[in-house]
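Chains as they are written, first to last, in the working numbering: chain A, 1 to 413; chain B, 1001 to 1361.
Everything labelled a hint here was simulated from the structure, so no lab data went into it.
C-beta: ideal position from N, C-alpha, C; glycine also.
Incorrect hints may appear among the rest.
The following label-pair restraints were derived from C-beta to C-beta distances [unchecked claim]:
(1) A/R398 - B/R1100: 49 to 55 Å
(2) B/A1340 - A/P369: 47 to 53 Å
(3) B/A1340 - A/V169: 52 to 58 Å
(4) A/G52 - B/R1145: 58 to 64 Å
(5) A/L343 - B/N1343: 44 to 50 Å
(6) A/D367 - B/E1289: 41 to 47 Å
(7) B/H1209 - A/G52: 40 to 46 Å
(8) A/M202 - B/P1110: 36 to 42 Å
(9) A/G52 - B/E1008: 49 to 55 Å
(10) B/E1008 - A/T275: 38 to 44 Å
(11) B/E1289 - A/P369: 50 to 56 Å
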Amino acid sequence: MAIADVQEYTHLTDDEVEQIGRELDRIRADVEASRGAADAAYINRMIRVQRGLAAAGRVTLMTTCHSRRARVPGAVAGATMLGLAKILENMEIGHNVMHGQWDWMNDPEIHSSNWEWDTAQPAEQWKHSHNYIHHQFTNVLGYDNDIGYGVLRMAREQRWNPANLGQPVYNALLASLFQWGVALHDLDLEKIRKGEKDPKEMKRQLKQIWRKGRNQALKDYVVYPALSGPHWRTTMKANATANLARNLWSYVIIFCGHFPDGAMHFTEEELEDETRAEWYLRQILGAANFEGGPLLHILSGNLGFQIEHHLFPDLPSNRYAEISERVRALCDKYDLPYTIGPLHKQYGQALRTIMKLSLPNRFTSSDSPPQPPDRPAAAEAPPVDKGRKSDAELPPRRSELGGWSRSGTGRAS
Amino acid sequence: MSATIPWERVRRVGARLTTPLHPDDYLSLVNPLWSQRELRGRVEEVVPETEDAATLVIRPGWGWRFDHRPGQYVGIGVQVDGRFQWRSYSVSSAPRRSGRTIAITVRAMPEGLLSSHLVNGLEPGTIVRLAKPEGDFVLPDPPPRRLLFLVGGSGITPVMAMLRTLDRRHTMPDVVLHYSSPTPERMIFRDELARLEEAHDGLVVHRLHTDTDGILEVGDRERGLDAVCPDWRERETWACGPGPMLDAVAAHYEAEGLEDRLHLERFTLQLGGDGGEGGAIRFRSSGKEVEVDGATTVLEAGEQAGVGMPYGCRMGICHTCTLTLVSGTVRDLRNGEEYAQPNEQVQTCVTAAVGDCVIDI
Chain A
1 MAIADVQEYT HLTDDEVEQI GRELDRIRAD VEASRGAADA AYINRMIRVQ
51 RGLAAAGRVT LMTTCHSRRA RVPGAVAGAT MLGLAKILEN MEIGHNVMHG
101 QWDWMNDPEI HSSNWEWDTA QPAEQWKHSH NYIHHQFTNV LGYDNDIGYG
151 VLRMAREQRW NPANLGQPVY NALLASLFQW GVALHDLDLE KIRKGEKDPK
201 EMKRQLKQIW RKGRNQALKD YVVYPALSGP HWRTTMKANA TANLARNLWS
251 YVIIFCGHFP DGAMHFTEEE LEDETRAEWY LRQILGAANF EGGPLLHILS
301 GNLGFQIEHH LFPDLPSNRY AEISERVRAL CDKYDLPYTI GPLHKQYGQA
351 LRTIMKLSLP NRFTSSDSPP QPPDRPAAAE APPVDKGRKS DAELPPRRSE
401 LGGWSRSGTG RAS
Chain B
1001 MSATIPWERV RRVGARLTTP LHPDDYLSLV NPLWSQRELR GRVEEVVPET
1051 EDAATLVIRP GWGWRFDHRP GQYVGIGVQV DGRFQWRSYS VSSAPRRSGR
1101 TIAITVRAMP EGLLSSHLVN GLEPGTIVRL AKPEGDFVLP DPPPRRLLFL
1151 VGGSGITPVM AMLRTLDRRH TMPDVVLHYS SPTPERMIFR DELARLEEAH
1201 DGLVVHRLHT DTDGILEVGD RERGLDAVCP DWRERETWAC GPGPMLDAVA
1251 AHYEAEGLED RLHLERFTLQ LGGDGGEGGA IRFRSSGKEV EVDGATTVLE
1301 AGEQAGVGMP YGCRMGICHT CTLTLVSGTV RDLRNGEEYA QPNEQVQTCV
1351 TAAVGDCVID I
């Protein structure tokens, strides 16, 4: 079930849609006006904690591996700290800094233009595939490559083919090798397979990925083990564990963003003449939140507030909690769905979809939430391929994404 | 130099351990000054000079060279309400290669958010960002044999750096300083100037209190330069102060055909160079394009087009706004210099397009 027109689907009048747009604009303006020293202190503290954890983890691993008694507890403690550091860096710091959430501080050291994160994907490519493609064309079939990442079939409208039978296996591989999957994301494997990719651009991207990935791998699997001397194996295993933990965790969080049952897909008709307010509506309908305490939200980069993140991708993440109260009240007022549930339930639904959609549609039933009686079920869209359009076929960028959709200013060293 | 090469090598090796970050990103958490990524400094002392002016003694961190020339200014970036604000101030201390600190002297302007913060709100220990010393309002070495300084208000700061340098090197030539200030109390460095005057026979200080005696009428035969310093035509002159004063001085020197002798320092950005020719600026990564005239800076053009341009001081000091010029030519509006190399780094806040160009953002 995919939505071709959000306004028709939500049964709102033109005025109501515009009113929702204005109210969301007001939330943005309020938060922008109130950003200040406390927010700056938050991100600086987060960076300090993260770098402290990383350094402590590395040092623990290098020192404890020489002692017979401390080796195992040291490896556990070191891998835990390192894993936490990687998770924090990728989720709460890197992802959000690259969205431009902290650009307002005017601090060149915490700026989307030159942040490079601790994962294999080069920041520049992430800013393109994620900030631009995914955030602008969220959940639009045939545009948003994040619907299954070109590997999994995640929407019933996506054409089934026998290769989808392997989904449970691909899913397990994707989860455990997530950083490498993400690294290849902007290459657009589907385009390469069809021979539609510009070879020059592909070469440039591959070179970038190779350099970044090589440095990342060298650090964790050569340099630090070498520094641990005869017990290099312990350090290498601990580093691999930390990377694996980060991969699994970020995979789970990201799959909870758009694949729980309440999150809708859209057909390309929706993009035609889409207004700012309709774009907002699509973000609300296409994203799913999960519940949790402050620590869970920090470790997940505040992506448990996926709806708020999609409405305001460049507002500081530490504000999403307070924004969510206002967004939820707005959804209640206009009777809009607001998808939320506990983390395990949201992931469970995503996993069920992965399993079900490995089979052709006729063997399974849809899990989309039942439609309220006054809301006509949207038409079954014609099947589409996975993947996304090339930049040339896409409409121009929207200002809602913030200024920094993709930039490699060459200042990062 | 021999000491710096292994150090650079150590840092490069260190970067293998900290990739994708730099070792400095970790070291600066131990001591905020241990980073070369951005020039930083720690405010060691805030010395009140007058009721509304203070000298900030700043200890710069790694990467600072202590090679400023007397009279130059530095950019200083201070976080106010979470946001870095940039201004530039003349260095008032004499350059000292073995030095550990620099001093800038700031007067709180009534409408100046940052200057009041610097004078009244800055705690010793605050970490600030710095930009390299710049400016060509400098004292040559060796100094000319006869000098005249025309100073108004806080325009004394760069001149103070020059006087201190001359004092420290014991090379004080024949110097006349004309210093205008509304009242004696508002005269920055008045005690030190009195001491210097005492110590050096060559130094003569004229003090003018404009609240009671009116401003210096440079061209006036009775009260102007001819009266204050009859041999002013034979002196190399440095003038620094409020805009109207400098305009009057410049006009007078020009009328006398002596503009070669005059060095001016203005506190506001002077876009003296010719504008560019304008053209279409394309912002490659955000896919936006805008047609601008030759007086519009690349930064303003980007903002018009809705591109999230980085910026800091907006006057060419802090380099926060630097972006890559992919192709085309831009002209520096301050001096007319052109940048046209592919993938050159340009400061967008002081450059304008000369024909079509492409910026990477």
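Hints, one by one, checked against the model:
1. A/R398 - B/R1100: 49 to 55 Å: Holds, since A/R398 and B/R1100 (Cβ atoms, about 51 Å apart) stay within the stated range.
2. B/A1340 - A/P369: 47 to 53 Å: Violated, at about 59 Å.
3. B/A1340 - A/V169: 52 to 58 Å: holds (55 Å)
4. A/G52 - B/R1145: 58 to 64 Å: holds (59 Å)
5. A/L343 - B/N1343: 44 to 50 Å: holds (45 Å)
6. A/D367 - B/E1289: 41 to 47 Å: holds (45 Å)
7. B/H1209 - A/G52: 40 to 46 Å: Violated - the Cβ-Cβ distance for B/H1209 and A/G52, about 56 Å, lies outside 40 to 46 Å.
8. A/M202 - B/P1110: 36 to 42 Å: At roughly 59 Å between Cβ atoms, B/P1110 and A/M202 fall outside 36 to 42 Å, so the hint is violated.
9. A/G52 - B/E1008: 49 to 55 Å: For A/G52 and B/E1008 the Cβ distance comes to about 26 Å; the hint is violated.
10. B/E1008 - A/T275: 38 to 44 Å: For B/E1008 and A/T275 the Cβ distance comes to about 54 Å; the hint is violated.
11. B/E1289 - A/P369: 50 to 56 Å: 43 Å Cβ-Cβ, so the 50 to 56 Å window is violated.
Hints 2, 7, 8, 9, 10 and 11 from the list above are not met by this structure, while the remaining hints are.
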